[in-house]
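K.L.:
Each chain, letter by letter, is given below.
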Amino acid sequence: MTTLRTHLYDEHVKLGAKIVPFAGWDMPVQYSSVKDEVIAVRKTVGVFDVSHMGEFFVEGPDAEAFVDQLVTNDILAAPIGKAIYSPLCRENGTVIDDLIVYKLRPGRVLICVNASNIEKDYNWIKSKHVGFECSLSNASDRYSLLALQGPRSFEILRPLIAELPDIEYYSVFESSFSGEPVIVARTGYTGEDGFEIFGGHDSIKRLWQKLMALNVTPCGLAARDVLRLEVCYPLYGHELTDEVNPYDAGLAWTVKTAKTKFIGRDALLPKPARYKMIKLILDKGIPREGYPVMNSSNEVIGAITSGTMSVVLNKGIAFARIEIDKAPSNEVFLVDIRQKAYPAQLTKKPFVTGGHK
Amino acid sequence: MTTNIPGNLKYTKEHEWALVEGLTVTVGITDFAQSALGDIVFLEVPEVGTNLKAGATFGVVESIKSVSDLYAPISGEVLAKNTDLEGSPEKINEDAYGAWLIKVKVKDVAEFNNLMTPEQYQEFCNTSH
Chain A
1 MTTLRTHLYD
11 EHVKLGAKIV
21 PFAGWDMPVQ
31 YSSVKDEVIA
41 VRKTVGVFDV
51 SHMGEFFVEG
61 PDAEAFVDQL
71 VTNDILAAPI
81 GKAIYSPLCR
91 ENGTVIDDLI
101 VYKLRPGRVL
111 ICVNASNIEK
121 DYNWIKSKHV
131 GFECSLSNAS
141 DRYSLLALQG
151 PRSFEILRPL
161 IAELPDIEYY
171 SVFESSFSGE
181 PVIVARTGYT
191 GEDGFEIFGG
201 HDSIKRLWQK
211 LMALNVTPCG
221 LAARDVLRLE
231 VCYPLYGHEL
241 TDEVNPYDAG
251 LAWTVKTAKT
261 KFIGRDALLP
271 KPARYKMIKL
281 ILDKGIPREG
291 YPVMNSSNEV
301 IGAITSGTMS
311 VVLNKGIAFA
321 RIEIDKAPSN
331 EVFLVDIRQK
341 AYPAQLTKKP
351 FVTGGHK
Chain B
1 MTTNIPGNLK
11 YTKEHEWALV
21 EGLTVTVGIT
31 DFAQSALGDI
41 VFLEVPEVGT
51 NLKAGATFGV
61 VESIKSVSDL
71 YAPISGEVLA
81 KNTDLEGSPE
91 KINEDAYGAW
101 LIKVKVKDVA
111 EFNNLMTPEQ
121 YQEFCNTSH
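Chains A and B, in that order, are what the protein sequence lines are. Per the working numbering, the very first residue in the first sequence carries number 1; after that it's consecutive. Per the working numbering, the very first residue in the second sequence carries number 1; after that it's consecutive.
Since the hints were derived computationally from the structure, they do not count as laboratory data. Small disclaimer: the values here were computed from a predicted structure and weren't measured. Warning: the hint list may mix true and false statements.
[Unchecked claim] With a straight-line Cα cutoff of 20 angstroms, these simulated SDA-like cross-link-like pairs (lysine to any residue) come out:
#1 A/120 to A/130
#2 A/128 to A/181
#3 B/103 to B/60
#4 A/315 to B/103
#5 A/18 to B/103
#6 A/340 to B/68
#7 A/340 to B/103
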């Protein structure tokens, strides 16, 4: 399989980015330094090319109702202009993907999905597209996407966009940039205030160049992964997989069992959980995906699903999936790093608190 | 890719450098290696007295997003480890050839023949990446 390139590929190469294959795409993993890129987003502003992600449009009188019964979170209850994060589940409750639903206007919904799952999601949604008065289209090839993230995002973006009100976090607004339509959402994957801007390839390329001219720090996938893990956002393929349900992944809040009808409801109603996601901090050693997690008797009770060195804390941080019936009551955890047991501190709160409102 | 390759050192294919002074060899990672790794945040090297085998792993160096093994350029006993790097492994990024990792007492001088000259290493960097 040949790898795909976003329309900004040449821009990344020009900036000296290190390019790696990711989800079938050649993507920039870092430009200058992961640390500097993370700090830029936490303190000022950075921009990510996330054009590899997928965009589906659902349009017609039943658009909201169709999407509502596809996902576990409540789409109908949210007002127009809101963005809603949700898992997409099978009848048995396992997670196909996690996505964001944008209610653009009555009868027009945008769904943004993970790059690695575009085909799987589209085929699934298409198979369920029966009996609803709305169209479904996969616009992933027609859209580029930038994530402008950090406390200075709004002041940077406002003068560039034709009209951009100070919308709430997790809201969306349709506007234009240099005469071309763009969809501007106050969403992101960093925990900071920020925007995701969906648009045609040429206009998004011009926007990227404009942001570079304004000295916005270009940020790669490595910084994005550190940022999302610091604020404890799950990543499909790690915390979420085809084998787990939202309860296993610590996403109980996204399952609205009060809704009368959605795919997976029957299976999810008893809140079935075989696993528990926990957050661990290590004073010494860096936890990595796959490392075994043990109780105080050195018995393996689970494994790290994502781990890194936190730039903000300067400590090892991780999500771990442990078997729920083996969760130790003394809350003592050890991580096996190269056959050596390192003590890990359990934390209930996110490792870092992002600045979004 | 341009990279700093001092003329007074020997090199390995795993991007370690070795400074040979009599029977003592000082070992570090090259400028090429530190640049490829990015921000180095963790270093694990063996205790003094540990016996190393040429070509075998003797420790790890970790950047924010990756873990890389360190390979012994030469067999022998660890004489010293650089305590300056404990708590500040980023010094390797700042000065790869100043921030040595360990000193080894050489067991078999014949193993020096397995190391690359600066010219060979330059060629290796040019062709392998």
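K.L.:
Given the hint that residue 315 of chain A pairs with residue 103 of chain B, does the C-alpha gap stay at or below 20 angstroms?
P.N.:
At roughly 28 angstroms apart (the allowed maximum being 20 angstroms), residue 103 of chain B and residue 315 of chain A break the hint.
K.L.:
Would you mind confirming whether the straight-line C-alpha gap from residue 18 of chain A to residue 103 of chain B stays at or under 20 angstroms?
P.N.:
violated (33 angstroms)
K.L.:
Check the hint pairing residue 340 of chain A with residue 68 of chain B against an upper bound of 20 angstroms on the C-alpha distance.
P.N.:
Holds. Residue 340 of chain A to residue 68 of chain B sits at ~17 angstroms (cutoff 20 angstroms).
K.L.:
Would you check the hint for residue 120 of chain A and residue 130 of chain A, treating anything up to 20 angstroms between C-alpha atoms as holding?
P.N.:
Holds, because 18 angstroms separates the two Cα atoms, which is no more than 20 angstroms.
K.L.:
Can you confirm whether the C-alpha distance between residue 128 of chain A and residue 181 of chain A stays at or below 20 angstroms?
P.N.:
Since the Cα atoms of residue 128 of chain A and residue 181 of chain A sit roughly 30 angstroms apart, the hinted pair is violated (cutoff 20 angstroms).
K.L.:
Please verify whether residue 340 of chain A and residue 103 of chain B have alpha carbons no more than 20 angstroms apart.
P.N.:
At roughly 24 angstroms apart (the allowed maximum being 20 angstroms), residue 103 of chain B and residue 340 of chain A break the hint.
K.L.:
Given the hinted pair residue 103 of chain B and residue 60 of chain B, is their Cα-Cα distance within 20 angstroms?
P.N.:
The given pair, whose Cα atoms are some 16 angstroms apart, holds under the 20 angstroms limit.
When each numbered hint is compared with the structure, violations occur for hints 2, 4, 5 and 7.
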